[in-house]
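There are 2 protein chains.
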Amino acid sequence: MTELSLRDAQRLVLAHCAPLSSTTLPLQYGYGRVLAASLKSTRPKPSYSQSTRDGFAVPGVSAAELRDRAVTFRLTGEIAAGTLESGALAPGCVMRIMTGGMVPRRCERVVPFEDCHEEGERVVIPASALRRQQTFIRKKGSVMGRGRVLVSRGTRLQPDHSLLLAENGYHEVPVYRRPRVWLLCTGSELVKPGGEILPGQKISGNSVLLSGLLEADGTGCEVADPVPDEAGAIGSAIRGILQQEPDVLVTTGGMGPGKFDLIEQVFQELGGQVLYNSLRVRPGKATLFGLLGRVRCFALPGPPPAVRLLYHELVAPALRSLQGFSRPLPLRVRAWLSESLCLRGQGVMNMKGAVATLQDGRLVVRQAGFQDRVNAILLFSGRKKTYRAGDTVSLHLVGPLA
Amino acid sequence: MTELSLRDAQRLVLAHCAPLSSTTLPLQYGYGRVLAASLKSTRPKPSYSQSTRDGFAVPGVSAAELRDRAVTFRLTGEIAAGTLESGALAPGCVMRIMTGGMVPRRCERVVPFEDCHEEGERVVIPASALRRQQTFIRKKGSVMGRGRVLVSRGTRLQPDHSLLLAENGYHEVPVYRRPRVWLLCTGSELVKPGGEILPGQKISGNSVLLSGLLEADGTGCEVADPVPDEAGAIGSAIRGILQQEPDVLVTTGGMGPGKFDLIEQVFQELGGQVLYNSLRVRPGKATLFGLLGRVRCFALPGPPPAVRLLYHELVAPALRSLQGFSRPLPLRVRAWLSESLCLRGQGVMNMKGAVATLQDGRLVVRQAGFQDRVNAILLFSGRKKTYRAGDTVSLHLVGPLA
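Sequence lines, in order, name chains A and B. The first sequence begins at 770 in the working numbering and counts up one residue at a time. The second sequence begins at 770 in the working numbering and counts up one residue at a time.
Hints were generated in silico from the structure; no laboratory data involved. Wrong hints could be hidden among the right ones.
As the list makes no split between identical chains, a pair holds if one copy fits it or if it spans any two.
As the list claims (entries may be wrong) - For lysine-lysine, the following PhoX-like pairs were computed, each having C-alpha atoms within a straight-line distance of at most 20 Å:
1) Lys971 / Lys809
2) Lys1054 / Lys1154
3) Lys814 / Lys971
4) Lys908 / Lys1154
5) Lys814 / Lys909
6) Lys909 / Lys961
7) Lys809 / Lys1054
8) Lys909 / Lys1153
9) Lys908 / Lys814
Bound conformation, chain A alone (with noise of 0.2 Å):
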């Protein structure tokens, strides 16, 4: 088996994680999850003609009326902003009408106060304000017309899209369905999270860090109990998680060098089919994904660092393939160094966990410290060893800028 580019892998892996099924969901239960059909519009918008300022409603004038100065007309009702039935304008009359206001029929144009002049119940209006191109009127439809898609299939539903739904009478939604993800961190140190922890053992980190982005990017997953360095209890756990019928299985430790291979040995003996097991990338080259049965399985090496690039560039890519997502990878962006930077391991792409900020409107970016929250993964193609404060770099964005 050859070795992957981090490019040709995220191929592989999107190809193996077409959309899961789709389900309906009441609409208030719909935030976050992802939109498995479009959605149009049931109702044209604005639904009537509306005022756009606060002004006279105005019917149409006659040409030679135009040729004077100012023509007068007489004032007649008032319209306010939620009233749902106007009536009409009478010929040579106007109406007060608020921003927002339905428009009376036969009104050509809403000329706004400041223009006009008001004694009782007269109103006069000089006649260059009449011949304006500019009606301040905001037509029925023509933001957007009935049957246009509102939401499209791929999105993920934000409040916004929500409020606008609503807006449309849907009160249900049809959704993708969440993968079910198992957890399973491998180590003979390990102890369970709350469990008791003797000398020389050990919380897994793997296992707080995952879980952590896993609900951070709304799936959340089910923990295994950690099992040791060994062929058979790994083989029995992983035996265990496939009884539960899971979409995703991701482990860590037991890859890469120093260690037996016993999680691509446990593999191959569970009939598992091995879609990659080492990428041209560093930190994260002994990684392993493959299909046992149905189950997509990723095999994250041990440390820590190299779990959350891998798991960022690939295990969440996938998760969002699986849930519908048109646009599973990381957003990619450009921003400017403000530390320099020197790279080990030429010839290979370099991943950093980075922090990015905004600065007077310009995104810097720096390598993460080990007390920084990950918000970016710096990409280096391998060919350049040193980077300066200033240059431009290419990142993904993972997280909320700081």
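Chain B: place on chain A using the hints.
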């Protein structure tokens, strides 16, 4: 009661939203919660002196030996990464050591393989490499000593923080309680989501908008059934909610011109203390904040655009403050306008829902259209009427970048 500026309103709200009580959670359930105490490192980082290169661990060399061009050593062993006991170097002897490997006692430096010449059991190292300033050793505790602050009080726990805490042996974390929020939409035309919709009725858009925003912010809420625009109905709905002992009550509708100010009337009848009932902002002027006993109450107006802006600028900061966030206000940044923009209503602060994106490393922003997901709020002082494409403007980031 005088009208407040947005900034004064924020100050007043935050002054009434001190952090709630705290509790202790298992680390794996801490994601998204706010730390109620600063947690300190329990071990030095790194926990042992380690090599930063693949090379040879070399003992101290006498000045006499360094006068030669090269020094010859005897190879006596190998130290893999992860080996936790690596013995001591004998004089004149070296050991092979891998990156991350524990540096043996009496080792003074690591010399990378590529600088050395290996012949069977003999390793020849040039004197220049033995005189170098850089030792390729990361000393125990050099990154962080014991007892230093790892994660500060007021930090929202992200997966990276949980990893750091797990590595330091924490399996529980002290976090603030989350506020209990109730939502009540008023309006005679409103139907409970999921209920039958008769002609002239509609699902409350504000109810799905706000419950989505509250879920996105990690608080969630209880949604009361909508009530018609009648003081009696509103009063009994609020009394019912108060029996559930919420921390925060948010209402929509029943505020502002064109309707009776039913909410304020009911609020007074229930013995509420009004802290503001009008703001110098557009939209969103007609809004109230007050206390009903210990319950913080936000009465928002009816139109969803104003609801969204007031939520992000006032309600969300209040909820973050109650949860103990050290920085409850939204992130204020600068950006370039990508489209020109004309404001109405001068002399008062204008807020506009907006979409911020990154283009070539710069933050650009435009006013949101009705189908857009709002992720930023443009803030205009009201002193200027027209802004052109390319102008820099001030905004609050309130959601992930598109």
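Verification of the supplied hints:
no., hint, result
1, Lys971 / Lys809, "between (53 Å within a copy, 17 Å between copies)"
2, Lys1054 / Lys1154, "within (19 Å within a copy, 56 Å between copies)"
3, Lys814 / Lys971, "between (59 Å within a copy, 15 Å between copies)"
4, Lys908 / Lys1154, "neither (60 Å within a copy, 25 Å between copies)"
5, Lys814 / Lys909, "within (6 Å within a copy, 66 Å between copies)"
6, Lys909 / Lys961, "neither (62 Å within a copy, 27 Å between copies)"
7, Lys809 / Lys1054, "neither (46 Å within a copy, 33 Å between copies)"
8, Lys909 / Lys1153, "neither (58 Å within a copy, 31 Å between copies)"
9, Lys908 / Lys814, "within (9 Å within a copy, 67 Å between copies)"
Violated hints for the displayed structure, listed by number in ascending order: 4, 6, 7 and 8.
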